[in-house]
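Trainee: Okay, here's what each chain looks like letter by letter:
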Amino acid sequence: MKHTPLTILFFLFFSLYFGCLAQSQDKYTEALTIKKLNKNKLLFKFDFNTISKNPNYQNYFLFPKTFGNLVKENSLEYLRFSLTQGMYHLKYGEIGRYSPPGGELIATFETKEDLESKFRTVSRKISGIFGTSQKFSDLTISAQPFYTEFNSLESTSQRTHYSSLPREPVCTENLTPWLKLLPCRSKAGLASLLNPIKLYDLFYHSMSVEVTRSQENSLSFHQQLLLVVELKEFKFSQIFGTPLIGPICPFSSQTKIQIEGFSDYSSFTPTPEEIGNNQVGFILKENLNKKDFNLHYSPKEKTNNNGYNHNNIGNDNSNNGNDNNNNFNNNGINDENISKNQSIKLNRFLKESGKIRGGVITQITNLEKNDLHLTLYDSLPWFMRVYFHTLTIKSNFENKEIEITDLNLESEQGNESNLFANQASLLRIQTSQDHGRPSIFELALVLKPGETFQISVDYLKGFLNFEEHPFDGNRGFDIAPAIVSMHGKKQNLKKRIYYTDSLLLMLPTPDFTMPYNVMTITTTAFLIWYGSFLNNLTGRAGLKLKKKSKAKWIIKPDKF
Amino acid sequence: MKQKYFSCILLLCILLNLFFPTCLSSRTSQHNNNWAVIVCSSRFWFNYRHVANALSFYHTVKRLGIPDSNIILMLADDWACNARNCFPGKIFNNKDHNLNLYGTNVEIDYRGYEVNVENFLRLLTGRHEPDVPRNKRLLTDSGSNILVYLTGHGGNEFLKFQDSEEVSSKDIADAFEQMYQKKRYNEILFIIETCQANTLFNKFYSPNIAAIGCSELGENSYSHHFDSSIGVQVIDSFTYYSLNFLNNIKPGDSHTTLEKYFNSMTPKQIRSQPRLEFFQFQRNPREVLVSDFFGSIHDVVSHPIYDYSFQNDNHNQNGNIDANGEKENANRNDNFQLKNQFQHRDKAQPNIKISNQFQHNLEDEAIELSDNYFRLGMIILIFLIFFFALIEKIITQK
Chain A
2 MKHTPLTILF FLFFSLYFGC LAQSQDKYTE ALTIKKLNKN KLLFKFDFNT ISKNPNYQNY
62 FLFPKTFGNL VKENSLEYLR FSLTQGMYHL KYGEIGRYSP PGGELIATFE TKEDLESKFR
122 TVSRKISGIF GTSQKFSDLT ISAQPFYTEF NSLESTSQRT HYSSLPREPV CTENLTPWLK
182 LLPCRSKAGL ASLLNPIKLY DLFYHSMSVE VTRSQENSLS FHQQLLLVVE LKEFKFSQIF
242 GTPLIGPICP FSSQTKIQIE GFSDYSSFTP TPEEIGNNQV GFILKENLNK KDFNLHYSPK
302 EKTNNNGYNH NNIGNDNSNN GNDNNNNFNN NGINDENISK NQSIKLNRFL KESGKIRGGV
362 ITQITNLEKN DLHLTLYDSL PWFMRVYFHT LTIKSNFENK EIEITDLNLE SEQGNESNLF
422 ANQASLLRIQ TSQDHGRPSI FELALVLKPG ETFQISVDYL KGFLNFEEHP FDGNRGFDIA
482 PAIVSMHGKK QNLKKRIYYT DSLLLMLPTP DFTMPYNVMT ITTTAFLIWY GSFLNNLTGR
542 AGLKLKKKSK AKWIIKPDKF
Chain B
401 MKQKYFSCIL LLCILLNLFF PTCLSSRTSQ HNNNWAVIVC SSRFWFNYRH VANALSFYHT
461 VKRLGIPDSN IILMLADDWA CNARNCFPGK IFNNKDHNLN LYGTNVEIDY RGYEVNVENF
521 LRLLTGRHEP DVPRNKRLLT DSGSNILVYL TGHGGNEFLK FQDSEEVSSK DIADAFEQMY
581 QKKRYNEILF IIETCQANTL FNKFYSPNIA AIGCSELGEN SYSHHFDSSI GVQVIDSFTY
641 YSLNFLNNIK PGDSHTTLEK YFNSMTPKQI RSQPRLEFFQ FQRNPREVLV SDFFGSIHDV
701 VSHPIYDYSF QNDNHNQNGN IDANGEKENA NRNDNFQLKN QFQHRDKAQP NIKISNQFQH
761 NLEDEAIELS DNYFRLGMII LIFLIFFFAL IEKIITQK
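These protein sequences, in sequence, are chains A and B. The first sequence finishes on residue 561 if you use the working numbering, and the numbering steps up by one all the way, no holes. The second sequence finishes on residue 798 if you use the working numbering, and the numbering steps up by one all the way, no holes.
It cannot be assumed that every hint is accurate.
Just so you have them, the derived chain A footprint on chain B, three or more residues with Cβ under 8 angstroms [unchecked claim]:
| hint | region |
| --- | --- |
| 1 | 488-500 |
| 2 | 531-538 |
| 3 | 551-564 |
Label pairs and their in silico Cβ distance ranges [as the list claims (entries may be wrong)]:
| hint | chain 1 | residue 1 | chain 2 | residue 2 | range |
| --- | --- | --- | --- | --- | --- |
| 4 | B | 446 | A | 266 | 45 to 53 angstroms |
| 5 | B | 659 | A | 221 | 58 to 66 angstroms |
| 6 | B | 683 | A | 467 | 45 to 53 angstroms |
| 7 | A | 527 | B | 446 | 31 to 39 angstroms |
| 8 | A | 505 | B | 446 | 28 to 36 angstroms |
| 9 | A | 114 | B | 683 | 26 to 34 angstroms |
| 10 | A | 7 | B | 650 | 27 to 35 angstroms |
| 11 | B | 446 | A | 295 | 35 to 43 angstroms |
| 12 | B | 537 | A | 236 | 39 to 47 angstroms |
| 13 | B | 667 | A | 467 | 39 to 47 angstroms |
I should point out that these hints are in silico values taken from the structure, not numbers from a laboratory. The C-beta atom is built at its ideal place from N, Cα and C for all residues, glycine as well.
Work out the full structure, taking the sequences as your base and the hints as a guide.
Mentor: Put into structure tokens, the structure is as follows:
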């Protein structure tokens, strides 16, 4: 669809007018990062940032009004909502913040009081905006992580509420309201590449919305879309269905495309150039020099089989953690892993032997060359009745179990050094309540380079009420992933958040057709017995003569 | 005395002309807005045809003018982005894959586990918890015509929700009665497509309800055809033949009656006996129009800036390569195919304005004409009275 001269004129006019205006009030930037990942994968990261300094919460320009009102009415400091399809494996490499599969909602409020009802209001509004289900505020799912730092704000402990729905369906109709929050919608700028139907056939697809209110009273609204595709020769028109057609969004003060991780930039047409800060890419001007921008990447080394390198095929099947034999003796560090830009390996699985009891095991491996300070937050729903005395940590560097120091800090967070003084400390335990809140435990761990911790805890499966089974109860229950957060130290290790796998727990489900079957069988049996009983008792056998015709011998008992 | 008598009559005639509207125009329905509630109540992949039915009606209703804000769409499961779907993000109602029903403009109000009997009855009666968002509420009033379309599995006087719950005909009848008492509707058209569908409106007792069911007691409702590339049946017979008829209706249509729509489907075609029944309908049932329920009394235009359609999903004229590497089918004419109005729906139609006036149809003009004749007749009568009074005065004076 070519833009008529009228629309071009429209955009030019607005770019003149609002270009000046935009810089004085809200600042909006667009960025697309194309990064090469491990395992033959490619990342497209769309970032749309709106920063509003000293917002008055009444007149909104580029900052979306719904979120401004949400922040003001619920005294929010931080909000992050994400909808994700697929799972991001850490073996692909470090990309910064990513999201777990399904839906995730994090909200940090100003005060500690009344968190649950405030979170309930916020979650209902968010699910109304994005068209998701309203289960985020369900008491059996949502909880508060005390020691995980989701953002760069200070001391958000006990004011943050977290909820994760791994089974939330994410489809094209959820992208549409996300696109509507952008100033230029999907009509101009980088968002014009986003055709929802093309985006749902990928390895990983995640859209998120992040609102932060910093202490200098500036609101930032960050929308991010992460796409992980296979690395092979690509063109914009092939992946997104359309090249980038001008004009770019007139409200954006900078629209850039950044390319990272490639050794050879000449395989791109047009060739990327230096754009400052040691970045390579393109800065897009207003009408894109009147031609469509269709980035074309063709790798120089011609490989067979649609771009699969033969030496990568075997490695694609490797598991995240150690081997299945629980072989701890590998030294997780080697040069290959470090060049692969992966800091930790995470694995989480269930250990089950029937319908009564089981265990959850989380494995964390340090692939860095320094010690890592991590906090692990795990929340298990009430029907996994966790026995905390079975919480054990084993390490591959030592033969006996690691001793868990019970810090159990209920009040303020304390210094970082207090938390990570011991190898493993138990920061918090919350026991579950039946049909209510989940069980939570939070640990602070210090891992040496190459060390693997295996944290295991046992549980007994609880009984659900008949109405608590979902409609497809035979499928199982999805358990939200555990969150591992890396706490930064002096050696410029940033604060990072990692998610483990989500789990699928099979609970003994009743036979839902049981009442129906019982009723039909018993009533049939009853009827057969009673009916034949009565018929035999009350019937009479006799001779019935018809008057006009010849006599016929008829035996006809009177039926009841 | 005579003059007083005459002047009283005169005054009465003048008052009648001015203050009382003529009572001839009772042919059009008195509704002033349109709503639609479209429910697909079954779960699991093999019930794909139910969501195709529901989305087909959703698109029809949108094309004929009801906006998303007035449509409540309830889909019990996610089929488009299901892992078993070979065409991610797409739902088809025909094995030719002419039209992607899911597209980018679908707004689903209730999804997944939220589609249950409780929410359905709460939606109809309007008894929600206080923080239920606006798009999940049926905000109708006494001038609303509501189209309620249910599809799924059902039986004798019940409809199954999510393969585990049932709503009975008595529940729905009571919900409609509550709506009547609370003046939440003007007229309701209740279409149901399940097995033994006609039994579900056995118990209706509220006025102004029209109901169409596709199968009698003891009969099943059948699917139309099977799509081997998806692996399931893609549409039911009743919806298939309904769409055949409804796709010929343009927005603002004022001639096609509901009876004509109903008669377009023969029992032989859909292999079951449908029934159209009117419950205490105030106006003449033969004059009920399809556009009273399927269309909107307001002219609605999709504004180009707010339109997020993409050209390469509806009609694949440039031969895009499909996910399977095959060329997607261009428009084929052998099987039933949606007309051009539907395919160009997403483009802005510049000749329709947003307005709040009633549409001036031919019948309305005829009614206004006869009203004008009546008024003219009244004025002539007044003049005659004046004239005769004057003559009498002249005569008596003489």
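Trainee: Run the structure past the numbered hints and jot down the numbers of the failing ones, going up.
Mentor: 8 and 9
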